[in-house]
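One-letter residues, chain by chain:
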Amino acid sequence: MPTRDFPRETGALPSIYAFVREALREWGRPEEGAWDVELVLEELFTNVVKYGRKSTRPVTVSLEWQHPLLTIRIRDDDSDFFDPTLAPTPDTTLPILERNAGGLGLHFVRRMAERFEYAHENSISTLTVTMRLEH
Amino acid sequence: MFTTHSRPDGTVALVGRLDAAEVPSARAALGALSGTLTLDCSQLDYVSSAGIGLIVETYRRLHQGGHTLKLVNLLPRVRNVFAFAGLDRVLTLE
Chain L
1 MPTRDFPRET GALPSIYAFV REALREWGRP EEGAWDVELV LEELFTNVVK
51 YGRKSTRPVT VSLEWQHPLL TIRIRDDDSD FFDPTLAPTP DTTLPILERN
101 AGGLGLHFVR RMAERFEYAH ENSISTLTVT MRLEH
Chain G
1001 MFTTHSRPDG TVALVGRLDA AEVPSARAAL GALSGTLTLD CSQLDYVSSA
1051 GIGLIVETYR RLHQGGHTLK LVNLLPRVRN VFAFAGLDRV LTLE
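Residue numbers (the numbering used here), protein chains in the order written: chain L, 1 to 135; chain G, 1001 to 1094.
According to the in silico footprint, chain G covers these stretches of chain L (three or more CB under 8 Å from chain G): (1) 8-14; (2) 33-41; (3) 102-114.
Treat the hints as calculated values from the structure; they're not laboratory data.
Computed from a prediction, not measured in an experiment: that's the story for all the values here.
We treat Cβ as the ideally placed atom computed from N, Cα and C, and that holds for glycine.
With the rest of the complex left out, here is chain G (with noise of 0.2 Å):
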């Protein structure tokens, strides 16, 4: 199950699963995002190489519309996956 809520300080909250099984909603939840975005990834439980397919689809969307994503307070589980991609180092995660 993977959500998404919007904040009042115009965050991003991700939560649950981010997989395979999840992408084609999680794919229209993001793709109804623009500008500059802040993803808080606190109740991120899981990504898995479909989840990061998307996030670096959004990044591009965003990137080319001269907006930059960043993303905040990964688990470290969650983070693990990011960094085994290489994308720790050209994504911007706090």
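Next comes chain L alone, as it looks inside the complex (with noise of 0.2 Å):
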């Protein structure tokens, strides 16, 4: 299972991209389908970032194929416990200058993914997402 650590900070993101291209190149994937991944990554590691402890432990992103599923799970080491599958689910029928941009990223994520589960034990976070790659 493909597994690396990234330094939390959003400048970590090409990083993770190139993670995610790599995998499904030795998957034999499409690059087409890195999109929707790199999407669902971008908007749970940038959540880990923004809210997560200001720790200089890295996160960690593993992925695992088993078609036509794949799974994204992100562990956070040094983390309070914080469930992002439970945070509310924004208006998107407002109209856009009575918008509030807060959850639209998890919104996303809850949109893509079949499952979304959140873990948190002795201060150790676990995302798993679950999505289908329809390329």
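Combine both chains into one complex, guided by the hints.
Here is the structure:
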């Protein structure tokens, strides 16, 4: 299972995209499938960076492929309890001038995931998302 | 990597990935634009919630000045993200 540590900063995103594309290539999956995976990973990873502890510990990302499902795991072993699966769903029907930007990223994850789970124990949080790759 | 290019016809092309890492520099670039604006998204490969937030912020700023914002030539995957956000109904997307 491809697994890699990334520094908890948004500057790590290009390395995360490269990691996704490398894994898809190894599995013989078309690169077109990478965009959706990258979107889910960006939203989850930036959530850890923005709302997690200001720790120097890296964040671990692993990917697992079992046709037709891809499972993404994000492990943060220096974290407080915060369950993003319980975050409120933003109202996407409001007029644009009344919108609040918060929660949109997790809304995207919910839209794209078949499974979205959170576990927290001994300061270790693990986010698991399973998504169907259409490409 | 994200860049903007102003074209002779007055449109502004968005090029690359508009993600959380690129938003600070993209905010500086879009913040310098004024008036009624058309953004050509034919080379915009990717947008996330951070990028959507910046587009909404730009829309609000222009709207306050009595101007409009239009996005044209979106790739289907980018249009889908705007649709997930419910913005395909409230922003002008062509």
